[in-house]
Amino acid sequence: MKVTRKRSVDELALFGGPALFQRPRSIGQLDAPPIEPFLASLKSIIEQRRLTNDGPFVRELEAQLAAYHGVAHVVALANAGLGLMMLMQTFSDGRPGTVIMPAFSFRGLPHFARWAGQTPCFADVTPDTHTLQPESVENCITDRTRSILAVCNVNGAGNIDDLTSVAARHGIPLFFDSVYGIGNRYGQTRLGGFGRAEVFSLHATKLLNGFEGGYVTTNDAGLAQSLRHQRNFAYGSDTAGLPPHLLGCNAKLNEIHAAMALHSLQNINAIIDANRRRFALYRKALSTLPGLSLLAPTGPDAETWNHSMVIAEIAPEWPLSRDFTCALLRAEGVAINPYYSPPLHLKDNDPVRLPVTESLAQRFLQLPAGHQVRPDDIAAIGELLQFLHAHGDSIAARRPASSELCGVSR
Amino acid sequence: MKRPDQWALFGGTPSFAQPLHVGQLNLPQWDQIEVTFRGIFERQWYTNHGPLAREFDIAFARHLGVKHAITVNNGTVALMVAARTLGFDQGEVIVPSFTFPATVQALSWAGLTPIFCDVSPETHTLTAEQVRPLITPSTVAIAGVHLWGQPCDPEALAALAEEFGLALLFDAAHAVGCTHHGRPLGQFGDLATFSFHATKIVNAAEGGCIATNDDELAARAKTIRSFHPGEQYAPVDTRINGKMSEAQAGLALLSLAELESNIAANRQRHMIYQQRLGELPGLRLLTPATDDTSNYQYVTVVIDSERAGLCRDQLARLLDAENIICRRYFEPGTHRLPPYRDDPALRVLSLPVTERLCRDVLVFPNGTPMTEDDVSKICDVVEALLAQAPALRAKLEQVA
Numbered sequence: 001m002k003v004t005r006k007r008s009v010d011e012l013a014l015f016g017g018p019a020l021f022q023r024p025r026s027i028g029q030l031d032a033p034p035i036e037p038f039l040a041s042l043k044s045i046i047e048q049r050r051l052t053n054d055g056p057f058v059r060e061l062e063a064q065l066a067a068y069h070g071v072a073h074v075v076a077l078a079n080a081g082l083g084l085m086m087l088m089q090t091f092s093d094g095r096p097g098t099v100i101m102p103a104f105s106f107r108g109l110p111h112f113a114r115w116a117g118q119t120p121c122f123a124d125v126t127p128d129t130h131t132l133q134p135e136s137v138e139n140c141i142t143d144r145t146r147s148i149l150a151v152c153n154v155n156g157a158g159n160i161d162d163l164t165s166v167a168a169r170h171g172i173p174l175f176f177d178s179v180y181g182i183g184n185r186y187g188q189t190r191l192g193g194f195g196r197a198e199v200f201s202l203h204a205t206k207l208l209n210g211f212e213g214g215y216v217t218t219n220d221a222g223l224a225q226s227l228r229h230q231r232n233f234a235y236g237s238d239t240a241g242l243p244p245h246l247l248g249c250n251a252k253l254n255e256i257h258a259a260m261a262l263h264s265l266q267n268i269n270a271i272i273d274a275n276r277r278r279f280a281l282y283r284k285a286l287s288t289l290p291g292l293s294l295l296a297p298t299g300p301d302a303e304t305w306n307h308s309m310v311i312a313e314i315a316p317e318w319p320l321s322r323d324f325t326c327a328l329l330r331a332e333g334v335a336i337n338p339y340y341s342p343p344l345h346l347k348d349n350d351p352v353r354l355p356v357t358e359s360l361a362q363r364f365l366q367l368p369a370g371h372q373v374r375p376d377d378i379a380a381i382g383e384l385l386q387f388l389h390a391h392g393d394s395i396a397a398r399r400p401a402s403s404e405l406c407g408v409s410r
Numbered sequence: 411m412k413r414p415d416q417w418a419l420f421g422g423t424p425s426f427a428q429p430l431h432v433g434q435l436n437l438p439q440w441d442q443i444e445v446t447f448r449g450i451f452e453r454q455w456y457t458n459h460g461p462l463a464r465e466f467d468i469a470f471a472r473h474l475g476v477k478h479a480i481t482v483n484n485g486t487v488a489l490m491v492a493a494r495t496l497g498f499d500q501g502e503v504i505v506p507s508f509t510f511p512a513t514v515q516a517l518s519w520a521g522l523t524p525i526f527c528d529v530s531p532e533t534h535t536l537t538a539e540q541v542r543p544l545i546t547p548s549t550v551a552i553a554g555v556h557l558w559g560q561p562c563d564p565e566a567l568a569a570l571a572e573e574f575g576l577a578l579l580f581d582a583a584h585a586v587g588c589t590h591h592g593r594p595l596g597q598f599g600d601l602a603t604f605s606f607h608a609t610k611i612v613n614a615a616e617g618g619c620i621a622t623n624d625d626e627l628a629a630r631a632k633t634i635r636s637f638h639p640g641e642q643y644a645p646v647d648t649r650i651n652g653k654m655s656e657a658q659a660g661l662a663l664l665s666l667a668e669l670e671s672n673i674a675a676n677r678q679r680h681m682i683y684q685q686r687l688g689e690l691p692g693l694r695l696l697t698p699a700t701d702d703t704s705n706y707q708y709v710t711v712v713i714d715s716e717r718a719g720l721c722r723d724q725l726a727r728l729l730d731a732e733n734i735i736c737r738r739y740f741e742p743g744t745h746r747l748p749p750y751r752d753d754p755a756l757r758v759l760s761l762p763v764t765e766r767l768c769r770d771v772l773v774f775p776n777g778t779p780m781t782e783d784d785v786s787k788i789c790d791v792v793e794a795l796l797a798q799a800p801a802l803r804a805k806l807e808q809v810a
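Protein sequences, first through last, are from chains A and B.
The opening position of the first sequence corresponds to residue 1 in our numbering, with each subsequent residue numbered one higher.
The opening position of the second sequence corresponds to residue 411 in our numbering, with each subsequent residue numbered one higher.
Hint data in this document are derived by calculation from the structure and do not stem from the laboratory.
All figures in this text were calculated on a predicted structure; none of them were measured in a lab.
All C-beta atoms, glycine included, are put in the ideal place defined by N, C-alpha and C.
Be aware that a few hints might be false.
Claimed, not checked - Short derived list, chain B residues pointing at chain A, Cβ under 7 Å:
1) F426
2) A657
3) D752
Chain A with its partners taken away, still in its complex shape:
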């Protein structure tokens, strides 16, 4: 597709020039398996008239994902959020209480706690991997703490060993939101078997596309059994042994979504390879830009990363504010967002102060990634950023009132 390169500041789309991209470039993975094999599976679903309720595609998907993650049990779900909600309810023993979670994370997390009858308790994160700080977690623990939700991030799984120790010391269930972590490793071990359970997503914008969907991985047979009942209303003739407080719901993954995810799983290595190539191109395109760098995992597990998201960090040397940069890029059809901003405790009007979180929330931008982003798109985005840097002062002088930037901060 033809892109419109900028020759002057007036040509920036925010100031009335033509947009760089006619069709916005997405930040989501949006990969799809080859259509013909998927349609063959869909046809068999239709012919068998088996569209949901723990059907053969769900079972096969669960078996293959369990093998991939190296865990004993996978419970497929309608989406990842319902999985987080179900686990919080399960770990609460039916009593009101709190769930410790990071505030530098997905905006849905506190909502799932409220559905589960729990109050979110926000802990601070580490400056390197932006994951839960074990000391901050320990400081949050009270006799009302029912569970700890840690998040494995784009740039690191976090200090899982220390978090596990804290949770064990206090006898509190620890579980992980690992929606960005399919294929990623902690040390030598692929994510999936840490804590009491981990939750992954099969949403179209994530690494594996099941339209919508999610799954829980666990090595705890009793928990897996309970989740299978919970996703199906905790209803039926065999409910006698269920935990007395278990609240059922409908979190069943349907067969069409399961088939899509199953075909995506067959392509997982190719999807990750393509992500790594795009990430390398971004790295090259941004390598000479002062004040702008890519968030990347460090340490021995970095090589395994799936790079389903590309996050740029804005340092003080960059001539424009993060939100203004975001507004400029969005106007060009670069569909980016401030990353985890504002942080969740501020959105919730929680008076707690989380210095690392509050600092991080000012600094990151999520760049276009995934299947729809081609190599020349990355080159064009790189050139645009070079242009913004080179003309930083004159662009900054034309910064609109901050209220006009609000649209990018949600």
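Put chain B on the given structure of chain A with help from the hints.
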């Protein structure tokens, strides 16, 4: 006719080679489905309020004759979103126990306390008379269920809700295509929720919807439905991922287009059941009232074991072996399920009709995979079983 020892439960050949199920499992033609899915892949728009989901919102609102239909990923999430939409952090909601457990579970997920109410032995639904004595200062809402597509006393409950300033929610999961006094059931109450589960008459594999004529409630429900930044229409404190995917919406649109013909086919089969089973001693088959129309999705039979000679569970067991897979709705009753059965704080009053229905109701197979001949044959089997009731009861007791 088979002799008592020739029934499949005692080693004979089943009456049907393949099992017949209760669910509707209506499906459009493959070529239409293929076109729909090729379109989704072409657009690379798989979920997140895509064009098919938007189209289905509009199409279903038009079908119900309501201003807003907010479609979601399943019927339970529809109930959860609806319960949150009412805007209460706590309070009591009067609800039947004789319903699919999701009705009650959704209230609990939303932080509300269910107060179980008994139902009418005629319609199996709440009535205003039964609800009224349960209203206390803690009551915030009434959640009626249009069970089997039977109207849940809509006018009288609306009057009662208005008298006490309560919200009125209807679970209409069974009621797509059903009307009361000429009005679709989605038009009653502040909010009504629907299901598009594969076993329902409109099939999205899984799916659900919240319907309302109230702009403010619609804005809240649409906001609660997803975390999408572009989908904020009202201030709410709790949201969920309830998005219907393009795959679900595509299937639902095709299914909705076939609703009338599917109702007509259901009705034909239902009429055979009515004519045949209605004649048998001890069996009462629920039929719509004169002023109402039904989707005839459920063939609901109440069995009087003394007159029929077999109790519900005995008949179900015999039929199951014949590959006639009936459902014992709702066994166990919701008040006997976790977390309600063990909750000492819950006020569970005497529910005699509910207990009796949980013991006596049997729902027979109906839906696209079945022919009218299948229905006649099922009725033949039931008739023969009841004719041999004393001998079969004796054999069943031996087996036990």
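Comparing the hints with the structure gives:
no.	hint	result
1	F426	15 Å, violated
2	A657	5 Å, holds
3	D752	4 Å, holds
Checked against the numbered hints above, the structure violates only hint 1.
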